[in-house]
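Chains A and B are the protein sequences, given in the same order. Residues 1 to 775 (full-length UniProt numbering) are what the first sequence spells out, left to right. Residues 1 to 775 (full-length UniProt numbering) are what the second sequence spells out, left to right.
Derived from the structure by calculation, the hints contain no laboratory data. Careful: at least some of the hints might be erroneous.
Same chains, same names: a pair is fine if it fits in one copy or spans any two.
DSS-like cross-link-like pairs, simulated, lysine-lysine; straight-line CA separation at most 27 Å [stated by the list, open to error]:
| id | residue 1 | residue 2 |
| --- | --- | --- |
| 1 | Lys642 | Lys493 |
| 2 | Lys252 | Lys242 |
| 3 | Lys58 | Lys242 |
| 4 | Lys63 | Lys134 |
| 5 | Lys715 | Lys99 |
| 6 | Lys320 | Lys377 |
| 7 | Lys583 | Lys134 |
| 8 | Lys616 | Lys752 |
| 9 | Lys629 | Lys493 |
| 10 | Lys413 | Lys686 |
| 11 | Lys63 | Lys99 |
| 12 | Lys642 | Lys80 |
| 13 | Lys642 | Lys111 |
| 14 | Lys616 | Lys199 |
| 15 | Lys624 | Lys606 |
| 16 | Lys414 | Lys354 |
| 17 | Lys112 | Lys642 |
| 18 | Lys606 | Lys493 |
| 19 | Lys642 | Lys386 |
Here the structure is a predicted model, which is why all the values come from computation and not from measurement.
2 protein chains.
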Amino acid sequence: MVYQIGKPIKTNKVLKIKLHDILIAFLFIAASCKAQSKAISNIKKSNKLEHPSLILTKTGVEKIRKQLGNVPVFDATLAKVKAEVDAEILNGIEVPIPKDYSGGYTHERHKKNFLIIQKAGVLYQILDDATYAKYVKSMLLAYAKIYPTLPVHPQTRSYARGKLFWQCLNDSNWLVYTSQAYDCIYNYLTENERNHLEKDLFKPFAKFISEENPQFFNRVHNHSTWGNVAVGMIALVMDDDKLLETALHGLKHDNIDPNARDNDGGFIKKAGQKVGFLANLEEPFSPDGYYTEGPYYQRYAMYPFLVFAEALQNVKLELKIFEYKNGVLLKSIYTLLNLTDADGNFFPLNDGQKGMSYYSRELVSAVDIGYYYSENKTDLLSIAKKQGEVLLDNTGLAVAIGIRDGLETPFIKKSLDLSDGKNGDEGGVAILRANGSKDELSLVMKYSAQGLSHGHYDKLSFSLYEGGNEVIQDYGMARFVNIQQKGGGNYLKENTTWAKQTIAHNTINQDETSHFNGDFETGSLHHSEKYIFDVSNSKLQIVSAKETNAYPGTQIHRTMAFVKDNSFENSFLLDIIKIDAEKNHQYDLPYYFLGQLMSANFEYTKSETLMPLGTKNGFQHLWKEAVGKTGTGNAKISWFNKERFYTLTSVVSNEDDLIFTRIGANDPRFNLRNDPGFIIRKQQIKDTYFVSIIESHGHYDPVSEIATNAFSNIKNLTILYSDEAYVAIHIENINHTESMFLFSFKNNSIDKKHQIKIEDKVYEWVGVYQLINNN
Amino acid sequence: MVYQIGKPIKTNKVLKIKLHDILIAFLFIAASCKAQSKAISNIKKSNKLEHPSLILTKTGVEKIRKQLGNVPVFDATLAKVKAEVDAEILNGIEVPIPKDYSGGYTHERHKKNFLIIQKAGVLYQILDDATYAKYVKSMLLAYAKIYPTLPVHPQTRSYARGKLFWQCLNDSNWLVYTSQAYDCIYNYLTENERNHLEKDLFKPFAKFISEENPQFFNRVHNHSTWGNVAVGMIALVMDDDKLLETALHGLKHDNIDPNARDNDGGFIKKAGQKVGFLANLEEPFSPDGYYTEGPYYQRYAMYPFLVFAEALQNVKLELKIFEYKNGVLLKSIYTLLNLTDADGNFFPLNDGQKGMSYYSRELVSAVDIGYYYSENKTDLLSIAKKQGEVLLDNTGLAVAIGIRDGLETPFIKKSLDLSDGKNGDEGGVAILRANGSKDELSLVMKYSAQGLSHGHYDKLSFSLYEGGNEVIQDYGMARFVNIQQKGGGNYLKENTTWAKQTIAHNTINQDETSHFNGDFETGSLHHSEKYIFDVSNSKLQIVSAKETNAYPGTQIHRTMAFVKDNSFENSFLLDIIKIDAEKNHQYDLPYYFLGQLMSANFEYTKSETLMPLGTKNGFQHLWKEAVGKTGTGNAKISWFNKERFYTLTSVVSNEDDLIFTRIGANDPRFNLRNDPGFIIRKQQIKDTYFVSIIESHGHYDPVSEIATNAFSNIKNLTILYSDEAYVAIHIENINHTESMFLFSFKNNSIDKKHQIKIEDKVYEWVGVYQLINNN
């Protein structure tokens with residue numbers, strides 16, 4: 001937690017002041033000098049905070065009012081929000097006694113209430129129409145009436161039960177939004193009304209989700225971020241610095257048992273761990289802005305992170321929150337936008353639900369706030385334009401004006417490597433993007449840390465996309481969020497028994513066990529190590545990483561590269577896994593291709609009755625549909641999906657089992673998607689390779705009924721040479737061109753010279769890898 | 001075949017002249033008076049045919065040239081076609097010796113050749129650029145060089161092998177297109193060149209596909225339509241009336257064995273059957289324009305039907321071909337457009353491949369020709385606008401001008417009943433369309449005749465759509481047209497063993513056998529009988545039909561209705577099947593829902609190993625995933641697909657088996673789609689009912705993660721009363737409203753009075769059905 005003030009005095013020496021120290025010092029002074037403190041307090045009273053000041057400001061509102069009718073996207077959003085709020089005002093105030101889980105009436109009603117009064121508050125400011133202020137006031141008074149006597153929520157599933165909702169998380173959502181509503185009508189209320197609301201509602205509410213639930217509040221977790229921000233937002237409105245300090249740095253005392261876990265199996269708090277908002281910004285974000293839980297949860301946390309940052313920027317400018325950790329908040333917006341496929345859907349790393357995208361309201365906030373607080377990031381405008389709506393505040397106005405004035409530039413997603421971990425040294429996630437003649441191919445390779453309680457056991461796993469289509473899928477999570485019929489919308493049993501297990505992912509399984517034996521505590525200690533990431537040559541983009549802890553005694557080294565070769569219609573994906581083990585093991589490498597099998601170049605026998613592939617660690621969920629073997633050295637399968645053809649060509653031995661699977665066994669309530677998979681299984685082997693190429697080729701048009709380029713371009717794929725330190729992969733194409741890929745496993749420096757001799761011919765190169773092409 | 005000339009003289013008496021008789025008379029005169037004939041021929045020579053005259057005419061071309069640059073869609077199509085042809089001209093002429101099946105090089109090359117020279121001929125006319133004429137000429141000369149010595153195609157699979165292609169069908173495609181090219185450059189060629197081409201190429205070509213292949217030419221079948229039109233088109237260009245007569249009425253002698261069959265198992269020709277183009281227009285089309293093979297094949301046949309009609313209209317106006325059979329050709333265009341879902345995809349009745357749509361080139365022709373030869377059918381322009389391209393002829397120009405001038409009106413698909421059979425008395429296909437608050441729900445109920453060799457054994461089957469999404473799917477065919485990897489792109493074994501079988505469809509199976517015992521000959525003798533079709537009330541649209549021949553001794557009477565009830569978000573589908581049998585049987589009723597099961601209201605046990613549901617007649621292809629029973633009287637399953645929820649509620653007894661299935665067993669080469677199904681099975685029962693309701697309800701948004709209206713609205717569904725003649729279905733909703741549907745099975749007159757007594761209460765109504773609603 002380091003701040004740079006002014007310019008560096010010398011090249012290597014900067015004046016560094018820790019923000020934390022500043023606050024500590026401030027508190028010390030405040031506490032030790034009560035009289036002075038009182039004086040300060042009096043100054044504050046006279047110099048008191050303007051309202052609104054969180055996401056709207058007095059001058060901002062004036063600016064907005066002047067622009068009304070001249071900024072199409074802003075005007076459209078305003079009209080939509082007004083229609084929505086007007087309908088709710090007609091419906092009347094409903095503040096039921098809490099009873100239900102999410103999806104149930106009381107839950108959904110309270111959720112709607114906070115979303116609507118936040119909007120009503122904004123409408124009051126922008127439209128200067130007291131109808132909206134009155135509505136917010138009535139709603140707040142209704143809550144203030146029931147809150148003092150409300151017991152803890154009757155549903156008992158959560159490790160931190162709320163009062164309005166079954167978990168403190170949702171209570172915190174409520175307060176984050178409601179604080180904004182309160183801020184908007186602050187001056188509309190009398191002092192008596194404000195005192196009543198603060199005494200009977202906001203203060204006890206903030207106390208409940210913090211002091212009374214330290215296991216919720218004093219953590220590093222997206223839940224706690226919401227809690228910290230809720231307390232921080234209301235602290236800002238109430239101008240309560242002590243409460244703000246709690247929000248920023250957490251409770252001083254919590255007595256949390258270091259072995260305590262939450263409902264997802266995650267630890268509550270490590271001994272000595274820093275907590276509070278700043279710690280939640282510090283620890284889960286890597287310097288590259290990657291949030292360790294993955295994009296689905298990063299998206300969820302972005303709203304409180306950014307809306308609170310916006311409020312702090314408005315009220316506590318001196319905190320320079322957007323510069324914190326080298327501007328990680330603004331960086332994280334770009335990271336998140338880059339963690340999407342061509343349609344804007346987030347890659348479903350860890351427990352991610354497919355279909356969540358940058359069209360979500362959290363990303364509307366993120367893009368608008370990101371644009372406003374960064375300079376000239378006009379590429380964000382092109383995302384905002386697709387979103388088609390903006391925040392009704394200064395940031396949204398700026399975006400809408402930018403769109404109106406045609407300032408947007410394309411948002412170009414590049415190949416990039418995102419480090420994981422607080423200091424960026426706990427592995428990462430690499431995205432390779434290959435522009436072909438058709439849609440872009442995107443590879444997502446994960447060599448990150450565990451990702452907290454939502455992490456999956458899938459070191460060195462990958463997924464592959466073509467445009468917005470999944471080619472090789474990551475399963476995502478086994479949950480139907482907010483769909484009552486499926487376990488009340490919560491995590492399903494199969495999330496643990498299938499989605500988290502290693503076999504559910506496109507990576508190496510050893511002896512039918514998951515990485516780290518599926519143990520969260522062990523997994524949380526480790527991460528994979530990057531070996532190389534190099535996208536400097538657009539014709540050969542490469543990522544390579546090692547995993548040595550998933551299976552003690554076994555090292556897995558995976559290298560994946562997009563190769564653009566003129567003999568091929570599109571870039572192909574080269575996948576090389578080198579395994580070095582101390583003992584013999586069984587290895588399974590699944591590829592969850594999506595679509596229908598077109599052909600295989602080997603004999604296989606389809607089962608007449610289907611049995612599960614195994615009994616545990618996820619294998620029990622796979623139907624064993626067919627098994628084959630080949631003596632040709634290559635297993636090749638082609639499949640068809642969304643009018644396109646794909647082929648996987650793998651180097652295999654005569655002993656390897658080639659297994660076709662389908663997800664869905666031991667799934668008593670049809671909770672799983674019945675998708676296909678293809679597994680290459682090697683048994684009783686120590687050191688070995690899995691080498692494959694995935695091609696996207698051709699097209700089928702069901703209207704013209706014409707199939708083009710429907711076949712693989714690869715005639716033969718071989719490991720021409722291998723030793724401890726090197727591998728040479730030979731690719732022979734059907735048009736008789738050929739190429740060879742050389743790779744060094746032992747030295748990843750970019751200027752190291754390498755030399756190997758294959759069949760009396762000497763090959764020399766500099767750097768980790770080399771592609772030799774004869775065509 | 002009846003023509004009305006002038007106005008009726010008396011109410012019930014019209015002057016009727018059979019067109020066929022006119023032609024016979026004409027031929028009689030021509031044949032009996034050779035001298036006169038010669039004289040006529042001489043007149044013709046002097047009065048000889050202008051060129052072009054088939055799809056382009058001299059005046060038409062002049063008109064087109066004048067409009068160039070002023071008609072956007074026409075200009076765009078022209079530019080696209082020009083670019084395509086120019087590229088091929090650069091590529092040079094390739095006329096390989098025939099060798100391959102479809103998908104192979106020689107097949108695809110010859111196919112491309114005819115498509116390109118047709119376009120090149122048109123470009124020559126429109127652009128007046130001899131480059132194109134020269135290209136066509138070179139291509140034709142290349143064909144004239146090889147044709148005289150070409151043997152029959154080396155591939156032997158077809159019942160009618162071609163010379164350029166493996167089947168005469170494709171040779172006929174070639175001639176239909178090539179005739180147009182020849183017409184376009186006719187005047188560019190010298191008389192010697194024309195004589196050479198006609199002598200060495202066109203005349204022997206026409207002879208080969210007609211006289212030398214009567215089993216192909218002298219049939220009523222889409223194959224023969226192509227053959228007839230091919231001969232007819234070249235006859236028109238060559239001004240050869242004798243050949244034209246053969247095209248219109250077939251060969252006089254053929255010696256076809258009445259037991260002979262084609263590759264699909266269809267009979268070649270019934271004894272005494274009329275043949276030739278007019279017979280192919282007469283017999284397979286019903287008076288409503290429904291083509292008995294179904295929309296997928298109707299689409300395929302539309303091009304030759306309409307392009308030849310256009311040519312006849314241009315050259316033989318006196319035939320009044322568009323008025324033939326009460327204007328059935330133009331009517332059939334509307335029929336075909338109505339046989340599509342909201343996205344324009346044809347309903348996959350019989351052997352239909354999904355994805356074929358009104359965006360196909362055949363439908364571009366159909367829409368353009370339809371617009372040009374009908375009056376004020378401006379709704380066709382809205383389809384043409386979606387297609388975004390037009391024919392490069394007079395018809396396409398008219399359409400493009402219409403679009404440019406904004407003349408289009410919406411194409412509104414209505415509920416309609418399409419009779420099947422030459423005389424419209426062989427059952428039919430009903431389409432009910434219910435406009436809801438979201439997308440339109442469409443029911444397709446099939447109670448037609450067999451549909452020739454491409455027919456499926458699925459009497460009284462149905463499929464259900466919401467917008468462009470399948471809710472309850474028809475499987476379509478087991479074939480991947482032109483995809484080499486899958487059986488060379490031909491029909492797969494599973495088309496016979498699965499897709500054609502009754503269990504593959506959403507209709508009643510008796511004793512695990514298919515309708516007509518899967519016998520084509522028997523199936524071809526019968527059709528279902530309409531009982532009622534009434535869409536006069538938009539709140540209750542109904543179709544009802546009976547089948548008595550599929551299972552001798554058993555009558556199946558199915559009634560389906562869309563009901564708009566204010567308690568429901570959307571119209572729901574009521575499905576009532578009454579079975580009257582002479583003996584006890586087992587009945588299976590499958591519903592092939594698409595999507596993921598959300599919930600069931602009964603206990604079921606998922607199988608730990610999967611076995612096929614049966615051993616034959618398609619049952620061997622179903623995995624038995626789970627079986628349940630219920631004592632509640634209702635089986636209810638809900639599923640989720642494409643962000644929507646659906647629920648099937650069925651009246652069941654305690655004994656009924658409730659079976660979850662998945663397609664894919666006994667499918668050794670992964671040829672089938674592994675889709676789910678739900679079967680209600682009643683065993684050892686004689687007379688019985690299957691009564692169900694299908695609801696579409698609610699929505700799930702993966703971005704907001706909000707599920708709305710996710711549950712069924714039906715609390716209880718009961719058969720309150722039933723006897724030989726009546727049934728009363730009672731529907732109780734969760735909001736305590738209720739309704740009752742009364743139906744008479746024995747009298748379908750619309751003014752018959754009915755009365756039944758249920759629990760001492762007398763119900764009276766007029767007409768077949770009545771819905772009583774208490775809310």
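We went through each hint and held it up to the structure:
Taking the shortest alpha-carbon separations for Lys642 and Lys493, only the inter-copy value of 24 Å comes in at or below 27 Å, while the best intra-copy value is 31 Å. Taking the shortest Cα distances, Lys252 and Lys242 sit within 27 Å of each other inside one copy (12 Å), while across copies they are farther apart (104 Å). Taking the shortest alpha-carbon separations for Lys58 and Lys242, only the intra-copy value of 25 Å comes in at or below 27 Å, while the best inter-copy value is 91 Å. Taking the shortest Cα distances, Lys63 and Lys134 sit within 27 Å of each other inside one copy (24 Å), while across copies they are farther apart (70 Å).
For the homomeric pair Lys715 and Lys99, the shortest alpha-carbon distance between copies (24 Å) is at most 27 Å, but the shortest distance inside one copy (64 Å) is not. Proximity of Lys320 and Lys377 under a CA criterion of 27 Å is satisfied intra-copy only: 19 Å inside one chain copy versus 67 Å between copies. In this homomeric assembly, Lys583 and Lys134 never come within 27 Å of each other (Cα to Cα): the closest approach is 73 Å inside a single copy and 74 Å across copies. Taking CA atoms no more than 27 Å apart as the test, Lys616 paired with Lys752 passes in neither setting, with 45 Å inside one copy and 66 Å between copies.
In this assembly of identical chains, the alpha carbons of Lys629 and Lys493 lie at most 27 Å apart only when taken from different copies (25 Å versus 34 Å within one copy). Taking identical chains as interchangeable, the C-alpha atoms of Lys413 and Lys686 are never at most 27 Å apart, the minima being 40 Å within one chain and 66 Å between chains. For a Cα distance limit of 27 Å, the shortest separation of Lys63 from Lys99 qualifies neither inside one copy, at 43 Å, nor across copies, at 76 Å. Only between protomers do Lys642 and Lys80 lie at most 27 Å apart by alpha-carbon distance; the minimum there is 25 Å, versus 35 Å within a single protomer.
Proximity of Lys642 to Lys111 under the C-alpha cut-off of 27 Å is restricted to the inter-copy arrangement: shortest distance 25 Å between copies versus 38 Å within a copy. In the homo-oligomer, the alpha carbons of Lys616 and Lys199 never lie at most 27 Å apart, since the shortest distance is 54 Å inside one protomer and 76 Å across protomers. Taking the shortest Cα distances, Lys624 and Lys606 sit within 27 Å of each other both inside one copy (9 Å) and across copies (16 Å). When the C-alpha separation of Lys414 and Lys354 is checked against a cutoff of 27 Å, the pair qualifies only within one copy, where the shortest distance is 22 Å, while the shortest distance between copies is 37 Å.
For the identical chains of this complex, Lys112 and Lys642 are inter-copy neighbours only, at 25 Å across copies versus 38 Å inside a copy, given an alpha-carbon limit of 27 Å. For the identical chains of this complex, Lys606 and Lys493 are inter-copy neighbours only, at 16 Å across copies versus 30 Å inside a copy, given an alpha-carbon limit of 27 Å. Taking CA atoms no more than 27 Å apart as the test, Lys642 paired with Lys386 passes in both settings, with 24 Å inside one copy and 22 Å between copies.
Violated hints, listed in ascending order, are 7, 8, 10, 11, 14; each of the other numbered hints is respected by the structure.
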